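Participant: If you want the building blocks of each chain, they are given just below.
2 protein chains.
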Amino acid sequence: MSSRRGSCVGVCRSSLAMFRLILLALSILTTAASSHPHPLDPLSPAELTAVRAAVLASPLISDRPLTFHYVGLDEPDKTDVLSYAEARSSSSRAALPRHAFVITRAGGQSHELRVDITNATAPTVLSHAIHHGAGFPTLTLDEQFEAATLPPRHAPFVESVRRRGLDLDDVLCAVFPVGWFGDAANTNSQKKGQQRRVVKVMCFMAGETPNFYARPIEGVTLVVDLDRMAIVDYKDRVVYPVPKAEGTDYRAGKAGASYTRHATVPDVVVQPEGNGFHIDGHFVSWANWEFHVGFDMRAGMVISLASIHDAETGARRRVLYRGFLSEIFVPYMDPTEEWYYRTFVDEGEYGLGLWAFPLQPGVDCPANAAYLDGYYAGQDGKPVQNKNMICVFERYAGDVAWRHTEASFPDKLITEVRPEVSLVARMVVSCGNYDYILDWEFKTSGSIKVTVSLTGLLEMKGTDYTHADQIRQDAHGTLLAENTLGLYHDHYITYHVDLDVDGTNNSFVKNVITTRRNTNTPGSGGADTPRRSYWTVSREVAETEADARVDVNAVPADLLIVNPNKKTRMGNEVGYRVVPGALTAASVLDDDDYPQIVASYSKKQVWVTPYMRDEKWAPGLYADQGTGNDGLAAWSGRNRGIRNEDIVLWYTVGLHHIPCQEDFPVMPTVSGGFELRPANFFERNSLLKTRPPRFGQPPFLNCSCGSHSG
Amino acid sequence: MSSRRGSCVGVCRSSLAMFRLILLALSILTTAASSHPHPLDPLSPAELTAVRAAVLASPLISDRPLTFHYVGLDEPDKTDVLSYAEARSSSSRAALPRHAFVITRAGGQSHELRVDITNATAPTVLSHAIHHGAGFPTLTLDEQFEAATLPPRHAPFVESVRRRGLDLDDVLCAVFPVGWFGDAANTNSQKKGQQRRVVKVMCFMAGETPNFYARPIEGVTLVVDLDRMAIVDYKDRVVYPVPKAEGTDYRAGKAGASYTRHATVPDVVVQPEGNGFHIDGHFVSWANWEFHVGFDMRAGMVISLASIHDAETGARRRVLYRGFLSEIFVPYMDPTEEWYYRTFVDEGEYGLGLWAFPLQPGVDCPANAAYLDGYYAGQDGKPVQNKNMICVFERYAGDVAWRHTEASFPDKLITEVRPEVSLVARMVVSCGNYDYILDWEFKTSGSIKVTVSLTGLLEMKGTDYTHADQIRQDAHGTLLAENTLGLYHDHYITYHVDLDVDGTNNSFVKNVITTRRNTNTPGSGGADTPRRSYWTVSREVAETEADARVDVNAVPADLLIVNPNKKTRMGNEVGYRVVPGALTAASVLDDDDYPQIVASYSKKQVWVTPYMRDEKWAPGLYADQGTGNDGLAAWSGRNRGIRNEDIVLWYTVGLHHIPCQEDFPVMPTVSGGFELRPANFFERNSLLKTRPPRFGQPPFLNCSCGSHSG
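Taken in order, these protein sequences are the chains called A and Z. Residue numbers for the first sequence follow the working numbering, beginning at 1 and rising by one. Residue numbers for the second sequence follow the working numbering, beginning at 1 and rising by one.
Any given hint could be a false lead.
Derived DEER-like restraints, expressed as beta-carbon distance ranges [claimed, not checked]:
| # | chain 1 | residue 1 | chain 2 | residue 2 | range |
| --- | --- | --- | --- | --- | --- |
| 1 | A | G108 | Z | G571 | 45 to 53 Å |
| 2 | A | N639 | Z | A634 | 48 to 56 Å |
| 3 | A | N520 | Z | H131 | 31 to 39 Å |
| 4 | A | M612 | Z | G253 | 47 to 55 Å |
| 5 | A | T515 | Z | T515 | 48 to 56 Å |
| 6 | Z | R163 | A | S83 | 52 to 60 Å |
| 7 | A | T515 | Z | D464 | 21 to 29 Å |
| 8 | A | D411 | Z | T79 | 46 to 54 Å |
| 9 | Z | G571 | A | K235 | 53 to 61 Å |
| 10 | Z | H154 | A | G523 | 28 to 36 Å |
| 11 | Z | A315 | A | E159 | 45 to 53 Å |
| 12 | Z | R162 | A | D411 | 19 to 27 Å |
| 13 | Z | D591 | A | N520 | 12 to 20 Å |
| 14 | Z | H154 | A | N520 | 26 to 34 Å |
Derived lysine-lysine pairs resembling PhoX-like cross-links, with alpha carbons at most 25 Å apart [what the hints assert, rightly or not]:
| # | chain 1 | residue 1 | chain 2 | residue 2 |
| --- | --- | --- | --- | --- |
| 15 | Z | K382 | A | K510 |
| 16 | A | K412 | Z | K244 |
| 17 | A | K200 | Z | K412 |
| 18 | A | K412 | Z | K387 |
| 19 | A | K200 | A | K235 |
| 20 | Z | K412 | A | K382 |
| 21 | A | K254 | Z | K603 |
| 22 | A | K689 | A | K78 |
| 23 | A | K689 | A | K412 |
| 24 | Z | K382 | A | K412 |
| 25 | A | K412 | Z | K254 |
Source of the hints: derived by calculation from the structure; they are not laboratory data. Please read all numbers here as calculations on a predicted model, not as lab measurements. Where a beta carbon is used, it is the ideal one built from N, C-alpha and C, also for glycine.
Go ahead and model the full structure; you've got the sequences and the hints to work with.
Facilitator: Rendered as structure tokens:
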């Protein structure tokens, strides 16, 4: 394990405050520690420590070693949380019990525990169960780092390295989940019917470059049994040249001179009047929005209880109970031995919170950002601090929220413009080679925009090819550099979005754009005019889950989550529109292919399910070697009623990635996502009440600044 | 005509410099006037004046009055422009001849002229022709304002107003093109076979609100013959209440108090080291980009000769010969008498350049923007200045161009991040009620992102309804307020993108994502592994135009413009990818419906044609009452060869708009567009050479600023 993660205990134990807020120059932040945690606050270091103590002290699990694979908040019932939230202005509201949900491994089994930590000095285990189904919990960082150290001590591997003329000192290995390929492939031959907890380990040449993904020792596969921490299978199937290190380093100063022409000077964003947002504990309030930013070691950032102030009525109205990234499914498209199994479910296998690293102030987030830390349980159960894990900032991109110029009056030109300033909560996950920049953006219009930006490094395959002309059969990718293929792959980033539009019970509506022939008959919608056709809206309210599986590319339709129990003054059902943005690919794998069975939800971008407390993870709770039998498609298969129920929207952002040379050695960002826009939620445009900015004089004209050239 | 537009002559005549650049605080701009115009420079005031003189002096048109409907640059042959551009570093390059293309109306006919203005003191008419086909040129502003003044002097209209109990003093009228609905509908009954140049005039109640679109005098239609400037038809078909003015005013201070909670403070973007871009005449250079920003009274902003510096080779490489917005098609979906004809082709009918108004510094564009003026010919042929018509600014939205955190090394955590700073050229068109914010964004990665953001006011329909429960039949829209319907409609924003990827001759390639069954047979692309399927790329090179009509929602495919004559060192054809962004709707009108015949291109987002100098306008040169017989679909119907030819990409951004109450009284911005991303154009990621920003210390920490609270 890297030193970065190893020694947080001092920091964690010394502080009662759950998060430390970074006070930036010219930023005004409220750094208040709540007297007791909000029911949705993530587990504090003290609470994580209490969980560990209770589990280790429990007689329910006697096997040792015992490793912690998941420790997270076991959320109170939604009704209790909502009651708590509604009483938030009252000083008399009582704290809810604090429970943790825990998955440990011990004695070759996965154990699920619920621990009461309401009194962190006297934690108690409430329940214990052993998971007998398919799949395993998230891999710990420690066991991955340990497994990665095994190959250089494995004689056949040393021989493979020697035979290739490589320097063993420069070898760096990484852990790859094996995926699930049917019971025959995943079952332990000794213990019939029981899956082996194994991973593949692939090795690379680091040495002259930190970009080892560009230098695979292609053809060599090791299999490590994690429970025994031993190599159980070894293949050296084929030898390809290791691509050269030259040109792969992405660090500043290693990539040659910058532009000789006018260099780009990044803007500096400053706010002379201070940040417009306030953070109180985990609650962020800004403009007309208020929401809770939490953290989970699997999901990463979690947005909860987002509500908006309605300027018309003065009321605070609920929009989102909880939103988080549920899974990132990344299948590669090369069926060969070293690649066929690379069908990652990153979040379930690796844990987004575990792979979220400190954001770099001023570059990962602009200078006006505030930062939040996160805490998770290490393999030993001890709290680990994840510093600067989330940033919150006001975003101004030079865009316009609304405008109009009216030129029809003969004596005056009216121009009204409101710049678009929004609030962003951001986390970045570096899940091995790929980096995902994950934004939740709140707009004063009432819109919530969810954006995922993909960057980082490609996973690259070694090859004999040094020129595209040599390629005679399907190479499953693009030749990026000598001996280097960037393989075809997909990304399916699935969000769990529990909208509660102005209340808990909602319906899912498809307003299908439908062409009509002009009948020339008034009364039927037609008219006696030369127009021959028009479109109208066919409203379909989803009764059950089957009605709510939508391919957004197939039929033009407006998709809405509405509250059928609330109407505007005009009589329209209050609602939010689900607006697909860029990246709407759906999986094209065969339905009977194993990774497609695991992530069968990836064939539709939109699903709607009734809210169930434990239906969180799209491929199921146990995603490593999971079979999908406990996932989104399986739940939806029950075809439950979803009309006027507490419902959850699942939205998948999808990308077919055909690599190109520009993706080498590091990928320019590609962004996509979706937007949740109010649609008849307000009586009128809520931005109307936004004040125009005060640009009476050029800003900073009278500045005398000493550090400009810094 | 409004005073705003009437008296520019003094300004225009007094200056030889074609554009004045606004020097902002802390911005460093090069304001250089070229010694002679670039061949793609728009016509200067002096040139416009010369055109007018030549046309009025010409014996070829004797009829008077003579009105100018289009005056624009008659571009030199592309080969000449390219030769000129390539010689640009040489001081000896000779100026190309300067020609103007002109459309006038005189004697009830449309006249086309070409005028030589190389010597602006002695302009000569080179050619003259009379247009005998269908359709009319762009409406002038003067004739629209004049036509709009006719109704209050028309006795039947005055009676209609009186009968509704309205105040004639508050009536404001606007001009609506009649569209084309077959020869029977559009032909003058007196002159067989000849179209009448007519418009419809619809009237509204302004008075208490500038948002007159929200207060239609529904049911009353006037038809004005523009050549006679007389009302030739009048209908008062049905009476609905005029919606009330209350709640429709969007001006600051008219919409009630702002948020009582934390007010949003817009960021201030400043650049202590000055702008990173330089403007020389119409040429913008920034980072690795260089391009020409022109202007046309029909197209608005025109981007030409965009080329990028290749840091690897030191060469400047061509990307885009010319890009501009070709048409905005906006059909409404109500077949009734007052609405069926509202099937706007905004650009051809109204002219985007004519309806581009001064950008508001600091709100339409951020504080670090520079501004360019535009000049067009008024109806009388005299030059009119369009001040602050285009802005250019560096954009920093807090986003990341690329990043990676590498956590696999046991002793160090590597994090490299480059913020995304791009350059935006922006124009805003307020085409009647709608506002279009039109951005061309250049990124250091080599990407060009084209974004259109829609805002402004809805066109609203009067109705009896005051509550949705009263609606019993298809209302063709949403009830937004009492007596106010927001009607269903579409927007199809079509761009002409003449990419010249690393040279003039290019091909269009569809890399279709194709599912393959794993044959378990190495050699066929399969492998002996449990994986059952994967996808690969089926490469289809378009031979003719028919191969290049693409519905981007139908089949997953990477679309590329490649140069088959240039390959990377790795052997990949150099190319640019066409990446659809948000808003990919296609028209669903019946093929035989008249507006669909005019804009039949709106059923596919992507078309590719061979470059032809005069194939610019998607619905044809004469769009007002045009029949589409001279438009994109007609040209493409010739099915010409496009492989390894000089080709043009046409991309349509599409939106089905179902209005909601939030669109009232002013619409929050909705954005969509597409991106042109280099794909094997460079040998590697060109952003690698971007320097990381210098954030050694918080910016402005030592500032002593006097105007912060201003």
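Participant: Look at each hint and say if it fits the structure.
Facilitator: Evaluation of the provided hints:
Hint check: G108 (chain A) to G571 (chain Z), Cβ distance near 51 Å, so the stated range 45 to 53 Å holds. Between N639 (chain A) and A634 (chain Z) the Cβ separation comes to about 50 Å, which falls inside the hinted range of 48 to 56 Å. Between N520 (chain A) and H131 (chain Z) the Cβ separation comes to about 33 Å, which falls inside the hinted range of 31 to 39 Å. A C-beta distance of roughly 49 Å is found between M612 (chain A) and G253 (chain Z), which places it inside the suggested range of 47 to 55 Å.
As the Cβ distance of T515 (chain A) to T515 (chain Z) is approximately 31 Å, the hint placing it in 48 to 56 Å is violated. One distance hint, 52 to 60 Å for the beta-carbon pair R163 (chain Z) and S83 (chain A), holds here, with the actual separation near 58 Å. For the pair T515 (chain A) and D464 (chain Z), the supplied restraint of 21 to 29 Å holds, since their beta-carbon distance comes to about 27 Å. Checking the proposed 46 to 54 Å range against D411 (chain A) and T79 (chain Z) shows it holds: the Cβ atoms sit about 50 Å from each other.
Our hint of 53 to 61 Å for G571 (chain Z) and K235 (chain A) is violated, since their Cβ atoms are close to 31 Å apart. Take H154 (chain Z) and G523 (chain A): their Cβ atoms lie about 31 Å apart, and the range 28 to 36 Å holds. In this structure the hint that A315 (chain Z) and E159 (chain A) lie 45 to 53 Å apart at CB holds, the actual value being about 47 Å. One distance hint, 19 to 27 Å for the beta-carbon pair R162 (chain Z) and D411 (chain A), holds here, with the actual separation near 25 Å.
Our hint of 12 to 20 Å for D591 (chain Z) and N520 (chain A) holds, since their Cβ atoms are close to 18 Å apart. Between H154 (chain Z) and N520 (chain A) the C-beta distance comes to about 29 Å, which sits within the given range of 26 to 34 Å. Note on K382 (chain Z) and K510 (chain A): the hinted pairing is violated, with a Cα-Cα distance of about 53 Å set against a maximum of 25 Å. Of the supplied pair hints, the one linking K412 (chain A) and K244 (chain Z) holds, its CA atoms being roughly 23 Å apart against a limit of 25 Å.
Taking the CA atoms of K200 (chain A) and K412 (chain Z), the gap is about 24 Å. The hint holds against a cut of 25 Å. Distance check on the hinted pair: K412 (chain A) and K387 (chain Z) sit about 16 Å apart at the alpha-carbon level, within 25 Å; holds. Distance check on the hinted pair: K200 (chain A) and K235 (chain A) sit about 11 Å apart at the alpha-carbon level, within 25 Å; holds. Under the criterion of a C-alpha separation no larger than 25 Å, the hint pairing K412 (chain Z) with K382 (chain A) is consistent with the structure, at around 22 Å.
Our distance criterion of 25 Å between C-alpha atoms is broken by K254 (chain A) and K603 (chain Z), whose separation comes to about 49 Å. This hinted pair does not check out: K689 (chain A) and K78 (chain A) have alpha carbons roughly 33 Å apart, beyond 25 Å. Restraint check for K689 (chain A) and K412 (chain A): the C-alpha separation of about 23 Å stays at or below 25 Å, so the hint holds. Of the supplied pair hints, the one linking K382 (chain Z) and K412 (chain A) holds, its CA atoms being roughly 22 Å apart against a limit of 25 Å.
A threshold of 25 Å between alpha carbons decides the hint, and for K412 (chain A) with K254 (chain Z) the separation of about 17 Å falls inside it, so the pair holds.
Violated hints for the displayed structure, listed by number in ascending order: 5, 9, 15, 21, 22.
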